[in-house]
Amino acid sequence: MKKNAYEIVDSVEKLEEALAKVREAQKQFATYTQEQVDKIFFAAATAANQARIPLAKMAVEETGMGVVEDKVIKNHFASEYIYNKFKDYKTCGVIEENKEFGIKKIAEPIGVIAAVIPTTNPTSTAIFKTLAALKTRNGIIISPHPRAKLSTIEAAKVVLEAAVEAGAPEGIIDWIDIPSLEMTNLLMREADIILATGGPGMVKAAYSSGKPALGVGAGNTPAIIDDTADILLAVNSIIHSKTFDNGMICASEQSVIVLDGVYKAVKKEFADRGCYFLKKDEIEKVRKTILINGALNAKIVGQKAATIAELAGVKVPEETKILIGEVESVDISEEFAHEKLSPVLAMYKAKDIDDAFAKAEQLIADGGYGHTSSIYLNTVTEQEKLDKFAARMKTCRILVNTPSSQGGIGDIYNFALNPSLTLGCGSWGGNSVSENVTIKNLINVKSVAERRENMLWFRTPSKVYIKKGCLPVALDELKNVMGKKRAFIVTDQFLYTNGHTKPITDKLDEMGIVHTTFFNVAPDPTLACAMEGTEQMRAFKPDTIIALGGGSAMDAAKIMWVMYEHPEVDFVDMAMRFMDIRKRIYTFPKMGEKAYFIAIPTSAGTGSEVTPFAVITDEKSGIKYPLADYELLPNMAIVDADFHMTAPKGLTSASGIDAVSHNLEALASVMATEYTDGLAIESLKNIFEYLPRCYDNGPNDPEAREKMANAATMAGMAFANAFLGVCHSMAHKLGAYHHIAHGVANALMLDQVLYFNAAEKPTKMGTFPQYDHPKTLAKYAKAARACGITGKDDEEVLDNFVKFLDEFKERIGIKPTIADYVPDEKKFLETLDEMSENAFDDQCTGANPRYPLISEIKQMYLNAYYGKNSKADRV
Amino acid sequence: MKLDNEIATRSNKKIYRDGDACIKVFDADYSKSDILNEALNQARIEETGLKIPKVREVTVIDGKWAIVSDYIEGKTLQQLMEENPSKKDEYLDRFVDIQLSIHEKRSPLLNSLKDKMNRKISSGDLDATTRYELHTRLEGMPKHVKVCHGDFNPSNVIITPDDEAYVIDWAHATQGNAAADAARTFLLFSLAGDNATAEKYMSLFCRKSDTARQYVDKWLPIVAASQSVKGKPEEREMLMKWASVVEFE
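Chains as they are written, first to last, in the working numbering: chain U, 233 to 1107; chain S, 196 to 444.
Hints in this document: simulated from the structure, not taken from any laboratory.
Treat the numbers as computed from the prediction; the structure is a model and nothing was measured.
Among the hints, erroneous ones may be present.
[What the hints assert, rightly or not] Between beta-carbon pairs, the in silico distance windows are:
(1) S:Ser307 x U:Tyr818: 55 to 63 Å
(2) S:Arg314 x U:Glu516: 36 to 44 Å
(3) S:Arg402 x U:Pro444: 39 to 47 Å
(4) U:Lys547 x S:Asp222: 19 to 27 Å
(5) U:Ala590 x S:Pro428: 28 to 36 Å
(6) S:Ser307 x U:Arg421: 44 to 52 Å
[What the hints assert, rightly or not] Here are the simulated DSSO-like pairs of lysine-lysine, each with C-alpha atoms no more than 27 Å apart in a straight line:
(7) S:Lys197 x S:Lys227
(8) U:Lys443 x S:Lys338
(9) U:Lys512 x S:Lys436
Think of the CB as a built atom: it goes at the ideal place given N, C-alpha and C, for glycine as much as any other residue.
With the rest of the complex left out, here is chain U (with noise of 0.2 Å):
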């Protein structure tokens, strides 16, 4: 068959020559097309293909094992089913695209594989490797085994050169001649994969080598046969398996696990179809013949039956297809529990399945982890019991009523399961692939992935009602179009005894619309409390939840809400911190099932009437749940200013900052919209103009008391999408710590978050694919004029609008800085790296578009605490 002059490799220098001759013919090949590459495939598949019966012939006289025509199989098999399965897959170039999504895979080959081939298999898993690398543009350097060079070689032959002979580089293909151990570990150090058919020792030295290993372990395959198996086509696949090429293949069954419902007809069967149970006497003397000290006898493999027997003294007929020993030890000091690579067979009668899975999983365990388990059952009725048999078995294959050996090598019977004579064995058998080793395995994929922005949204409550007075037209329809009968009130104390909530208990009334009041909330609303109100929510079963009051009472009647509608839900994994609301790992559970909800603020500021937000105190541990997700909408707001006439002064600026803030923040966070930013201007321009009139006429301005109603529930929507930033997480953290309202914790770290945000050179900046380089400067100046603020430039114009909110401040009756509200410095300076650290995990930090560090946090505590924010003191 010898055409052509090959160097002869026998020495690691001209290893050394071939493994640069390969590398440099696989560059050139590595710019192929995939029309190239398969038309080399084709041929190099049809060329194996052609020669399966010389190259058979020739493996079966160089290593005297195996049968010639069951190796013709293998390496029919190597060709063709290789070639069918894989020759449409795409291996150069893009393979995958997605232009919405904006990725694209590409492939490239890997470079030069080593290939180390078995004696068992020497021709027909050389052409699997050369026809995979082949079709992956790889190079490949084969490392045959002494007992099988020639025929190893041969076939790597008859592949590279009908790859040549149809376009391959020359030479994309090479072998070492005279094979060592020393040459195969310089091969597999300087190759750039490996793929390693071998038992421990060379799958070992694989992966000493330092280079990534596709390599295959040994296996020690059980076959159970179950009381509802078929006996027939158990007990003939079995056979047609353990005979198959001698027993070569690795995936073959070593033994068979009877239970002892059918042991004797799955015996009679085995002894009717030829194969000989060795008696007593002649177990021990076969014994002693399959393995030496432990270890597998090299003359027994791959030989027939009858020859195994005459080398043990055991006289059987000729014909006789498989020695099978019927023993009880599944112990690896039990010969007949290893694996034989020849057609001997162990038995074992299992007392029921339990046993037979017992049995299976040590022998697994004595040398098959990771390879193949198999199984005969009836799978129409025992599906449970195949589930409980693939729990227990630590193999990567599980074959089901299929002979192990053709059936682990995948596509003969069943098409789904690649074809591959390399198969992996996980990391229980020490291997970095657990399935059929494929031509994916030897490609690397590149993703090109394009920046892409998030999707963002704007979600507010379906239903917005706004007037001066409308109460009673929008709570109409919860009769006339709901028909709703059962509401339940959540208030304060205050409100309740000032009869604020009598307008819609009257309304209610009117309707017929039973109702009760729960008036127990306190400012920063208790578990306690929420539930001492869902235990009467409870009793009462209302269809309708309203909620009346600032942000204390809305927040307190969202979570009796939760609690209400789901009893089982855990605050601490709704309070999960997230990166993401879209990938948060805490799926909130759905609301609205038992009760609508309608929120009706009675102050100008907090925006929970809009917002999917909710913060409940733990009063036993003191910790603070911030709840977030959109399930917490209330289904409508009612935005009546005639709930705001008589707030007293404090609450009215107190909440009119807190607006401002929140305005601010929607405006600089990095999840801010063209939807978000126009609310917030609008809101902001409103809140400066009325927020005063509001402060100074009290109840006697309902125009102003009006506007600051929407301003607040508009920086609500702003706030409800865009989220907020580091002014309110050092707020959250300072009013927590030093009882300082909402509204004016956030006021007094205003000026400081103004001037770290709008930073031009942040230390470092938000994660978000939308803000892509720092321009909250902009952003600001952009709003501070819309307010009428002026200035020659940008930074001007911000340096203005400071001034700007420093004056509107103090006209509110707001005070300059945090001493003003914690004289002690001593416990302000103690509490601050606790109280800096909690800031900077606050949900409202992941929002900001500049990623806070926690010194800076410090700092602009103790800017804010001082009073100072010349240019040199900001941070």
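Starting from the structure of chain U, add chain S where the hints point.
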């Protein structure tokens, strides 16, 4: 140095006693480097604190290289086992304990067992397939650095009249995997035809060292192959049988 009291003769050396000295005189064609290596090994082992005869001198007597060391008075365990068959188990127990005490020692400059085995596999007249299998098997074995005697058998242990044990003949000492050393001892018993003692030794070693039998077994083909280098024809058949095994695929 008086060479009139010959106490033992081996195939290529003679051993004499001169007072409290023991003189090992090698044949003229014996490799000089092997002799120097043996003396060096012995010196290194002395430094581990094990009880062994100390090297006094390496010299040339009548054109022949010789190693002079302490003479240890006493009987070998081999002799004791033969003289008191009823106490053989007791001696075997002690024999294993002594071997384990050697394995506890470290001597970083000793030759590597693995290198030595690899060399021996290559230099024997094994066929290419067997060599390849054995090299691969050896490559897969864990690499340790325990002091291994390399020829540990009862004739190399001397029990003094004060019942102290001295281990002699450090020519084959290496550092490596103790299981290989045990496999070698098992092989020596087996070659001597004493299968019962070989088995007893193996179980004792495995139990006392908490080693799996299979782990020691894995070394048998390798030590058998390295032993075959010595090429005694009567042992060859058994050694070749032990060495002709394959790893699972």
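- request: Go through the numbered hints given earlier and state which of them the structure violates, listing their numbers in rising order.
  value: 4, 5, 6
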